[in-house]
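Q: The lines below spell out each chain.
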Amino acid sequence: MDLLPSQEQQQIVDAARHFLEGEFPLADALQLAEGESRITREHLTRIAELGWIGIGLEEAWGGVGYGLCEEALLFVELGRALLPPSILCSVLGARIAAAGSTRGDAAEMGRVTGTILSGHCKIAAAVPRTSTSASIGDVVSGEFMLYEAGDADFALMCNTGGAALVSLSALKSLTPVSCIDPTLSAATFAADAIEASAFIATAQDDLYHRGALLCAALLLGIAEATLQRSVDYAKEREQYGKPIGSFQAIKHYCADMAIRCESLRAMLYYASVKLAQGDDSGRFDVHTCKALAVNYAQLNANTAVQIHGGMGYTQEMDIHLFVKRAQVLAGLFGGERQHLRDLLAQPRPD
Amino acid sequence: MDLLPSQEQQQIVDAARHFLEGEFPLADALQLAEGESRITREHLTRIAELGWIGIGLEEAWGGVGYGLCEEALLFVELGRALLPPSILCSVLGARIAAAGSTRGDAAEMGRVTGTILSGHCKIAAAVPRTSTSASIGDVVSGEFMLYEAGDADFALMCNTGGAALVSLSALKSLTPVSCIDPTLSAATFAADAIEASAFIATAQDDLYHRGALLCAALLLGIAEATLQRSVDYAKEREQYGKPIGSFQAIKHYCADMAIRCESLRAMLYYASVKLAQGDDSGRFDVHTCKALAVNYAQLNANTAVQIHGGMGYTQEMDIHLFVKRAQVLAGLFGGERQHLRDLLAQPRPD
Amino acid sequence: MNLDFSPEQVEFRERVRDWLHDNVPAEKRPPDGAEGRAFDLAWQQTLYRGGWAGINWPKEYGGQGLDTFQQLIFLMEYSRCGAPGDHYRFNGLNLAGPTIIACGDEAQKATYLPPILKGEVIWCQGFSEPGAGSDLASLKTRAVIEGDEMIVTGSKIWTSWARFADWQQLLVRTDPDAPRHQGITWVINRMDNPGMDIRPIRDMAGGTDLHEVFYDQVRIPLQNVVGGLNNGWKVSMAQLSFERGTAFMPSQIETQNTIEALIELAKTRRLEDGRYAIEDDHIAYQLATLRAEIRSLLAMTLLGISRNERLAMPGPEGSMLKLFQSELYKRITALALDILGPDRTALDELAGRWPRAFLGSFANTLGGGTSEVMRNIIGERCLGLPR
Amino acid sequence: MNLDFSPEQVEFRERVRDWLHDNVPAEKRPPDGAEGRAFDLAWQQTLYRGGWAGINWPKEYGGQGLDTFQQLIFLMEYSRCGAPGDHYRFNGLNLAGPTIIACGDEAQKATYLPPILKGEVIWCQGFSEPGAGSDLASLKTRAVIEGDEMIVTGSKIWTSWARFADWQQLLVRTDPDAPRHQGITWVINRMDNPGMDIRPIRDMAGGTDLHEVFYDQVRIPLQNVVGGLNNGWKVSMAQLSFERGTAFMPSQIETQNTIEALIELAKTRRLEDGRYAIEDDHIAYQLATLRAEIRSLLAMTLLGISRNERLAMPGPEGSMLKLFQSELYKRITALALDILGPDRTALDELAGRWPRAFLGSFANTLGGGTSEVMRNIIGERCLGLPR
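Here the protein sequences line up with chains A, B, C and D, keeping their order. Counting from 8, one number per residue, gives the positions in the first sequence under the working numbering. Counting from 8, one number per residue, gives the positions in the second sequence under the working numbering. Counting from 17, one number per residue, gives the positions in the third sequence under the working numbering. Counting from 17, one number per residue, gives the positions in the fourth sequence under the working numbering.
If you are wondering where the hints come from, they were derived from the structure by calculation, not from laboratory data. Think of the CB as a built atom: it goes at the ideal place given N, C-alpha and C, for glycine as much as any other residue. Hints should not be assumed to be uniformly reliable.
What the hints assert, rightly or not - Here are the computed lysine-lysine pairs in the BS3-like style, where the Cα-Cα straight-line distance is at most 27 Å:
| no. | chain 1 | residue 1 | chain 2 | residue 2 |
| --- | --- | --- | --- | --- |
| 1 | C | K346 | D | K346 |
| 2 | C | K156 | C | K44 |
| 3 | A | K249 | B | K242 |
| 4 | A | K249 | C | K250 |
| 5 | B | K179 | A | K249 |
| 6 | D | K156 | B | K242 |
| 7 | B | K179 | A | K242 |
Stated by the list, open to error - Chain D stretches covered by chain B per the calculated footprint, using a threshold of three residues with CB under 8 Å from any CB of chain B:
| no. | region |
| --- | --- |
| 8 | 18-25 |
| 9 | 97-103 |
| 10 | 149-160 |
| 11 | 302-315 |
| 12 | 362-370 |
Isolated chain A, as found in the complex (with noise of 0.2 Å):
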């Protein structure tokens, strides 16, 4: 038992952040013009070419053959350089795509898979705007939020019965909308009886519960990252003669976004753990995981633009986007609410 990633996987984590840190760095996000994405398609063939896209898939399909761990720590990477989401859908949408390689319309979805994995194959988040009123299966219908669609070739869809692959020349009328996230453009659709691409239910391959946990790693990346740039700025931003940090409401403020940190951090090792053995706690671990990421990301991120004083509440630095991206992953695979019901449901784990 070890719950500290080995120095393997510690490998690919300071890899992941040091090429970030090198190609994506945040002052370039600042200097976007609203709705344009970060990472185009060059971007993202550069990315598949890290093996990044098919880092937990099966090498049988094509895939780097890590498992869900080494995902879990890659996106925590992700989340805290603030890649758009379209990235998860990619390592998600490998996976649909090379399930439905074994049936139905074999040969599209095998060429599918490798687009995919080569990056040259984007896909947006589509967001069930109520999960009530949204169906999802072989056959897609309900109202949608849908993030980077602007050049994407597919729509992801999740619930908690499966997950689809919709082309997006399917989808007829998009209605672009104004994205709180200055760096995602977003649309909404209305899908009646749409067919899928590509569908894989949860009994085959739960994705619903990878994808919650891969976005709960992308939210500690923003609780992290939040927390970084607030702990940097109190060492060194001066009132009253000293350094802000002193102060212990700031200092305070600090600690208890570094308990959440650490929280959401073990809970991420934990879950993901449980998640890919299959054991009987996973599911409860991903609603956990989930549930507290939204709550602690929006803290940490919230708590972070109190910190940075009036500069934090511009556009000149950095922390508002955490804000914002923290909305836009409070929503996607199952809000707060939805994985809190869902773990106070499930019996007594061991």
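Dock chains B, C and D against the given chain A, drawing on the hints supplied.
A: For chains B, C and D alone, kept in the frame of chain A given last:
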């Protein structure tokens, strides 16, 4: 328009505070045996002599003839001094008896009114353990928690429908309960169609809302007393070579406690005026006041323990008595949940 | 303890209500910018013509010379009928104007007050500096006296509406050798004064109302000094007590509109599970608690006014109102986003005003003194805790 | 990242489980006092005889010489089956014992360690003083060296179980002229030493486990000094890291039992409106959030152990566990009272253990470092913020 107490009202407050500090110093409460009442029969008659029990009662009924505002101001001071809730029951009980004296067994109720007002009759508070099961009217049923039954003559019970006085001798079997508040005795009883000595419907005199408001006043006394003690202690107690009140953690706790006091005091004044003049929003304002009072008094008392450190956790200081009394008062005349529901159900107040 | 209005006050309220009913513009205020300025000035002109400008300002400068209660009655009716917010007019009406009334000389009053009420000018503030946000006393913008002028060099930040303002109330350091709270001067500056550079700052809600302002050898006549040279700390403290006293009254009253709108939203929006939001007890209790706290905010405002009326000067309790209200507003907008579910990420009609209000709410606990500074002030000035 | 136990660890767990199943006493621990002491010692003796005393203590002193993971496995099984809490044994097993192992000399180890494991003695602590609660370094209890003894005069407070303890780990000032963190010595004191006066303090939950202890010319042999004269600060800091590291592991695991019991309570108690408490969404979300946070507390404990195992010494993260758990526990018990409604004021069967637990919970954010001190430590030692 002037929301502050008038000069005459302020005199009532000052006199009450002076009397209470002199006659009922809280230090005495620390010496009591568990369950022993701070207010003996003799004390009660002295209090009655001051006119406190009939302060808000019409002169025609033997009262002093002030109104609800003066009553509320007095009860803040009674709350601050942690005088027991039976005094509140006497104040309301006098109204029930007085109204009862206008019908039914008029002579008997006239006599009871007199004994209550003269402090020769003690009234215990009976709280429905679940409001759904309690039925309060000319006949009373349900399960109740009873405070200060010891040497009481009547129990007062009240819900939104009205308020009743039940002779304590009519209650067959009291089951003593060890009360969280060591200065109060407690018991439970189940009433199965017991005839009330007197009952007054809300339509005739709204004792439920009056009781809730005065209970909120008692809770404001707790909120203010614990703030005052905390501030005094924070100025005096040194750690790390400085008064602890100079540390932001403590200072900011105190600031938040002060805001709660200011908010609750303003609301108490406002609601008193509104309820007294029968304004449309009167009940809304009382629900608001009691809901805030329960919440704020608990927060302030609990925070005061933390500010007082280890000493606050002992029975050598009086802070714990406020923590405990706040729990008792939280349940009288409707809990926080109930008042929140009621206030939300009302139309927008003007 | 009474909330009764006198017959005269009731009659006054009727007049206010009638006039507002007939005169409040039907069209919405255009977004910020030149059109916003034009709208604000036009509305102020309408108020002035109607005899409603400067309710409690002295008559000789165009005000109505009425008391705080009449001002309160006016503001309550004003807020209730959804009349336009102060926007660009805020500074002149609530900060610069009252400060000049309190500390200015006769000439200054005659020169600067009437144009504010007549809707001819917009004012802005120049207090905070890049290095000194909460710590106002450490400001570094220098003013060297030369003859009957001061020559100002330095920079200011968080100046609202600077691009669209005519005048600025500016704090500068006139004596660098004096202790930090001394040697500061409060002075009136023209915004088209040569040597100034005004740079808008984009805030997280997308607005560009805030600015950084740079001063390079900017000349200001000494007759523009208000309250005397090197006396600026005192003048600005008087102002902060207005800011924390009555200046936010309209927004306190407005907060009630906001929570009522949120309750309406909760009655019509469905959650992920298909229920109306208000049917979720967790949401219902939060709404009820906010409604209760906002009701007490109104009561606190009335209590504060009653106190001011007796004591003739706003007390430190104004800091409590400021802190309480700004934190409440943050909780309201955060709850709104929770109610909206996945739609919360939409900045347009889909989610109404709420996501933008949520982003804007972060300013409330920073501007005009951070919540932490307010807690210090409450602890030290209201409760007497040691610094 | 793995949670797999090795075959040996699984086998170990089976043995623990079996033994506990056969040996955990059926009767409840009697209330505190002499009977409590007898019960605790008897249970420790049973553990010792069964070969389960001092799981990770060296074998030569009666321990089992096993690793942290085996200790963890033992504690998880122990907590799960509802075995007796540490109570009076806490100090010897978790604080005094480990400190002597880490800093004691050979003779001290041989003398003091075995009786702890064999269930022969109870230990208590003498650190805090009336004037110095959180600020340990300002302690004033004086010890004057005379020959091979020290003579102690002063007083200590918050000493748990003092009336029922045999030994005390005591911090005294041996060099009054040294800077405040120096000149302090950690020494072993007999509780029946002449010159001592032990006064119980009644806590708000009604317990009398806490004491004030007065020392009037109390003589302690110098051979009882652990870690060297004037080196007591370092020794006690090592101890605080045990306290914040693994000592609270059992109670962290216990917290899970508590929230599960509260969830059960919510399923069977009815609210004022007649519904079961768990049907109220507000209560349900709070229960779910607490269940989630307590699940993460377990994960944090495992992460902490994994870290300790690699780094060989508990890190400052232990402070996070301490703070997180104590605040969680307060929220659990406060929620319990909310669920209980009017019955919450009963300290007997009517409301079960909850009201007393609520009162007792206040101790958690005070003892062993207040929450405010813990936040300072986290800010300064974990995050590197300036003092």
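Q: A/K249 and C/K250 were given as a pair; does the straight-line alpha-carbon distance stay at or below 27 Å?
A: Distance of about 24 Å is within 27 Å: holds.
Q: Taking only the CA atoms, is the gap from B/K179 to A/K249 under or equal to 27 Å?
A: Violated, at about 69 Å.
Q: Please check whether the region 362-370 of chain D has three or more residues whose CB lies within less than 8 Å of a CB on chain B.
A: The restraint on the region 362-370 of chain D holds, since 4 of its residues have a Cβ under 8 Å from chain B and three suffice.
Q: CA of C/K346 to CA of D/K346, is that 27 Å or under?
A: holds, 26 Å
Q: Count the residues of the region 97-103 of chain D whose Cβ falls closer than 8 Å to any Cβ of chain B, and tell me whether that reaches three.
A: violated (count 0)
Q: Could you grab the alpha-carbon distance between B/K179 and A/K242 and see if it respects the 27 Å cut-off?
A: Given pair B/K179, A/K242 is violated - Cα atoms ~69 Å apart, limit 27 Å.
Q: Between C/K156 and C/K44, does the CA-CA distance stay at or below 27 Å?
A: Distance ~41 Å between C/K156 and C/K44 Cα, so the pair is violated.
Q: According to a criterion of three or more residues whose C-beta lies within less than 8 Å of a C-beta of chain B, is the region 149-160 of chain D covered?
A: holds (count 4)
Q: Tell me if chain B covers the region 18-25 of chain D under the three-residue, 8 Å CB rule, please?
A: violated (count 0)
Q: Three residues minimum, CB to CB under 8 Å: does the region 302-315 of chain D make the cut for coverage by chain B? Let me know.
A: violated (count 0)
Q: Take a quick look at whether A/K249 and B/K242 sit within 27 Å of each other, Cα to Cα.
A: holds, 23 Å
Q: With a cut-off of 27 Å on the C-alpha distance, tell me whether D/K156 and B/K242 pass.
A: holds, 22 Å
The structure fails to meet hints 2, 5, 7, 8, 9 and 11 from the earlier list, while all remaining hints are met.
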